[in-house]
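Number of protein chains: 2
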Amino acid sequence: MDESVGGGGAASAAISSGIEDSANGAVAEEEEQVVTPWEVAGKDGGKIDYDRLIVQFGCEKVSKNSIDRVERLTGRPAHYFLRRGVFFAHREFDKILDACEKGEKFYLYTGRGPSSDALHLGHLVPFMFNKYLQDAFKVPLVIQLTDDEKSMWKDISIERSQYLARENAKDIIACGFDVSRTFIFSDFDYVGGEFYKNMVRIAKCVTLNQVRGIFGFSGEDSIGKVGFPPVQAAPSFPTSFPHLFGQRKDLRCLIACAIDQDPYFRMTRDVAPRIGYLKPGLLYSSFFPALQGDSGKMSASDTSTAIYVTDTPEEIKTKINRYAFSGGGDTVENHRKYGANLEIDIPVKYLSFFLDDDVELENIKKEYGAGRMLTGQVKQRLVEVLTALVVRHQKARARVTEEMVDAFMAVRPLPNMFG
Amino acid sequence: MDESVGGGGAASAAISSGIEDSANGAVAEEEEQVVTPWEVAGKDGGKIDYDRLIVQFGCEKVSKNSIDRVERLTGRPAHYFLRRGVFFAHREFDKILDACEKGEKFYLYTGRGPSSDALHLGHLVPFMFNKYLQDAFKVPLVIQLTDDEKSMWKDISIERSQYLARENAKDIIACGFDVSRTFIFSDFDYVGGEFYKNMVRIAKCVTLNQVRGIFGFSGEDSIGKVGFPPVQAAPSFPTSFPHLFGQRKDLRCLIACAIDQDPYFRMTRDVAPRIGYLKPGLLYSSFFPALQGDSGKMSASDTSTAIYVTDTPEEIKTKINRYAFSGGGDTVENHRKYGANLEIDIPVKYLSFFLDDDVELENIKKEYGAGRMLTGQVKQRLVEVLTALVVRHQKARARVTEEMVDAFMAVRPLPNMFG
Numbered sequence: 144m145d146e147s148v149g150g151g152g153a154a155s156a157a158i159s160s161g162i163e164d165s166a167n168g169a170v171a172e173e174e175e176q177v178v179t180p181w182e183v184a185g186k187d188g189g190k191i192d193y194d195r196l197i198v199q200f201g202c203e204k205v206s207k208n209s210i211d212r213v214e215r216l217t218g219r220p221a222h223y224f225l226r227r228g229v230f231f232a233h234r235e236f237d238k239i240l241d242a243c244e245k246g247e248k249f250y251l252y253t254g255r256g257p258s259s260d261a262l263h264l265g266h267l268v269p270f271m272f273n274k275y276l277q278d279a280f281k282v283p284l285v286i287q288l289t290d291d292e293k294s295m296w297k298d299i300s301i302e303r304s305q306y307l308a309r310e311n312a313k314d315i316i317a318c319g320f321d322v323s324r325t326f327i328f329s330d331f332d333y334v335g336g337e338f339y340k341n342m343v344r345i346a347k348c349v350t351l352n353q354v355r356g357i358f359g360f361s362g363e364d365s366i367g368k369v370g371f372p373p374v375q376a377a378p379s380f381p382t383s384f385p386h387l388f389g390q391r392k393d394l395r396c397l398i399a400c401a402i403d404q405d406p407y408f409r410m411t412r413d414v415a416p417r418i419g420y421l422k423p424g425l426l427y428s429s430f431f432p433a434l435q436g437d438s439g440k441m442s443a444s445d446t447s448t449a450i451y452v453t454d455t456p457e458e459i460k461t462k463i464n465r466y467a468f469s470g471g472g473d474t475v476e477n478h479r480k481y482g483a484n485l486e487i488d489i490p491v492k493y494l495s496f497f498l499d500d501d502v503e504l505e506n507i508k509k510e511y512g513a514g515r516m517l518t519g520q521v522k523q524r525l526v527e528v529l530t531a532l533v534v535r536h537q538k539a540r541a542r543v544t545e546e547m548v549d550a551f552m553a554v555r556p557l558p559n560m561f562g
Numbered sequence: 144m145d146e147s148v149g150g151g152g153a154a155s156a157a158i159s160s161g162i163e164d165s166a167n168g169a170v171a172e173e174e175e176q177v178v179t180p181w182e183v184a185g186k187d188g189g190k191i192d193y194d195r196l197i198v199q200f201g202c203e204k205v206s207k208n209s210i211d212r213v214e215r216l217t218g219r220p221a222h223y224f225l226r227r228g229v230f231f232a233h234r235e236f237d238k239i240l241d242a243c244e245k246g247e248k249f250y251l252y253t254g255r256g257p258s259s260d261a262l263h264l265g266h267l268v269p270f271m272f273n274k275y276l277q278d279a280f281k282v283p284l285v286i287q288l289t290d291d292e293k294s295m296w297k298d299i300s301i302e303r304s305q306y307l308a309r310e311n312a313k314d315i316i317a318c319g320f321d322v323s324r325t326f327i328f329s330d331f332d333y334v335g336g337e338f339y340k341n342m343v344r345i346a347k348c349v350t351l352n353q354v355r356g357i358f359g360f361s362g363e364d365s366i367g368k369v370g371f372p373p374v375q376a377a378p379s380f381p382t383s384f385p386h387l388f389g390q391r392k393d394l395r396c397l398i399a400c401a402i403d404q405d406p407y408f409r410m411t412r413d414v415a416p417r418i419g420y421l422k423p424g425l426l427y428s429s430f431f432p433a434l435q436g437d438s439g440k441m442s443a444s445d446t447s448t449a450i451y452v453t454d455t456p457e458e459i460k461t462k463i464n465r466y467a468f469s470g471g472g473d474t475v476e477n478h479r480k481y482g483a484n485l486e487i488d489i490p491v492k493y494l495s496f497f498l499d500d501d502v503e504l505e506n507i508k509k510e511y512g513a514g515r516m517l518t519g520q521v522k523q524r525l526v527e528v529l530t531a532l533v534v535r536h537q538k539a540r541a542r543v544t545e546e547m548v549d550a551f552m553a554v555r556p557l558p559n560m561f562g
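If you read the sequences in order, they're chains A and B.
Residues 144 to 562 in the numbering used here are what the first sequence lists, from first letter to last.
Residues 144 to 562 in the numbering used here are what the second sequence lists, from first letter to last.
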């Protein structure tokens, strides 16, 4: 998997595909927004229209009813990522909930393409959410580090890619996962055996024309890229992990990740019943925006576009005060008079992702939107929230030892899997 | 790898490719003969023109000088497959011999796509030859069973394909390989680790356009097929076998197989220097003909087209007498007068592959060609030779135990590797 906001991949993808339960093809006339694992671009350089994306991709909006069911089933409040619509879209999440209601279990799958940059805050979103899901539902989680993908898409050696996978694993572990319920693996370490068999089963069912349609590969792309989608699809099927699930084919899989990964899982869901597996359920998040605003991109080469988990408090403060795009008035007078435009305001958007106090967040929105609170005050609160988050992360990461990484990545049964 | 004469693959391939040291493209005007791993067809349904194929593929004829060098280096007569031109073409075989003269070693690699049929005699050719090479040069041999390929190209399950791989391994072992110098592996068992890393390194270097040119894949082919060539290429590089060669990148590889596999190894040789490996050397055999004649195909569905290693003496006798295409005269009188056409005579061709007595073979050719020996007599001698061969094979195969298969397929160092 790639960053939540796409990296530098060359593929320019048509979003509609020949695959079942994907988008309708009728939108091809005008220039559409483009969302693939390697490219995220709003229409005419503007913002991503998420309602439109749901229609394009053919998935569904997460409903209030589903969130209520989550709360009933887990006996705790739903994560604010659900309540606030950060995870806003899904595919057959309700089937997962149906299964839970019948007392059945499922497993979680998410992943990360280890990149050469430090993780930015957007990268933490799926891991924070998966930790919540794991704790709330008491289910196992598999985390794929696609070091093979990164070595093929980027100009980095296999050794470097494996090193980065291990470094990224430390950041993931620092998010607080329970080692007795979590299996982290690097593709270069783990591909083989039953996992490879599932790759072959999947690859046999998908034509070249289909992946060209889904992912936009061109004739100049390497066969490594063309052959990669089955690697990301395979963890959706429980038999890819015989040390966890034996030969169980009936165990459901729930994948929570950013919506740019949908092309992989449209393909996966299309293939699943043809090779005797259940379709995975999906929960999709929106993209975490760049400091410069919703249509900007977080860039590896321009560190001013994002807050990294390695930033110092001083850097966080400077970046937010200097770069965080404000929806406030251009003068204090205008701000007091017209209030802030919350739709485009990055400090408020960042607070929606990371301030877990609903009451305070609503209050800030109300006061700031009415012009009673100033941009500087909102930014100051954001600096506090993010500094606390980053410092906490850095402390947790410093406690992650090589032995702990080995423990999470060991191919082993998970003793407390559904406990 | 596939059978020496292609199976039922759908790909219709152009022979020229965009890859270095391959064919010139100037022949595309007229309808060329087609030789790919999945299709072998002479021009206008006629015989394969091997001299033409050497030009098309851009490889070289095995020279008398090379054969003399082999004899000097090994201190024994060259195998009659070399002397009689069964292995007739090569790529940089001389570099292997140069290395030997400097006291350097190399390793052998060959393979087989486990098919649902019993092996026919043509299948034995590369294994008989590799056994000779292994004994003569005292070098290790790796044998790849591409059960993954077969499960993708044919409509068989992974389980069935793995079963066939193991059954085929028994026939291979029955050819007399030395377990202390031979590693047999199935892709489904072995792909992973360093082997997978080499697959990724290779796949990263080859574009979709290139494999379409080399192998003739179409948009309707699966991405499993499109992604397969690196699996067959990877054993050409010694680091794919860390238990044998550690991290040695400088060890040369010699591949002896039928010439329909050249597309894979053209690609492999093109990639090799770009990822820091030596190009493998190649020795290519011509195709073993069907009983019905040179332009016929041995067919899995029509058992009358080939002699199988499972045939009874009675079946062998019946098939040869009934189906083996004769170049003899249409009447005894004409035969006595004009002699036999040895160019198209299948009994003589089969004897060239399996009668190891040069003097007798030459005598048969002389007498039969002059019309003094009759077709029936030649066929009778062929029945004797093949019956002895098949009975010997069946006895040897009956002695192959499951434990022996396990021993050959164990991932282990080879104690007597260069001994």
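Some hints could be false.
Since the list gives no way to pick one copy over another, a pair counts as held whenever it fits inside one copy or between any two copies.
As the list claims (entries may be wrong) - Straight-line Cα separation of at most 27 Å, DSS-like style, residue types lysine-lysine; simulated pairs:
(1) K538 with K460
(2) K274 with K186
(3) K392 with K460
(4) K204 with K460
(5) K422 with K538
(6) K538 with K313
(7) K392 with K462
(8) K392 with K297
(9) K422 with K460
(10) K480 with K422
(11) K462 with K207
(12) K297 with K238
Hints in this document: simulated from the structure, not taken from any laboratory.
Source: prediction; values computed, not measured.
Quick rundown of the hints versus the structure:
1. K538 with K460: within (19 Å within a copy, 81 Å between copies)
2. K274 with K186: For K274 and K186, the Cα distance exceeds 27 Å both inside one copy (33 Å) and across copies (64 Å).
3. K392 with K460: neither (50 Å within a copy, 50 Å between copies)
4. K204 with K460: neither (35 Å within a copy, 72 Å between copies)
5. K422 with K538: neither (39 Å within a copy, 50 Å between copies)
6. K538 with K313: within (12 Å within a copy, 58 Å between copies)
7. K392 with K462: neither (48 Å within a copy, 48 Å between copies)
8. K392 with K297: between (34 Å within a copy, 24 Å between copies)
9. K422 with K460: For K422 and K460, the Cα distance exceeds 27 Å both inside one copy (44 Å) and across copies (55 Å).
10. K480 with K422: neither (52 Å within a copy, 74 Å between copies)
11. K462 with K207: neither (36 Å within a copy, 75 Å between copies)
12. K297 with K238: neither (37 Å within a copy, 35 Å between copies)
Consistency note: the structure conflicts with the earlier hints numbered 2, 3, 4, 5, 7, 9, 10, 11, 12.
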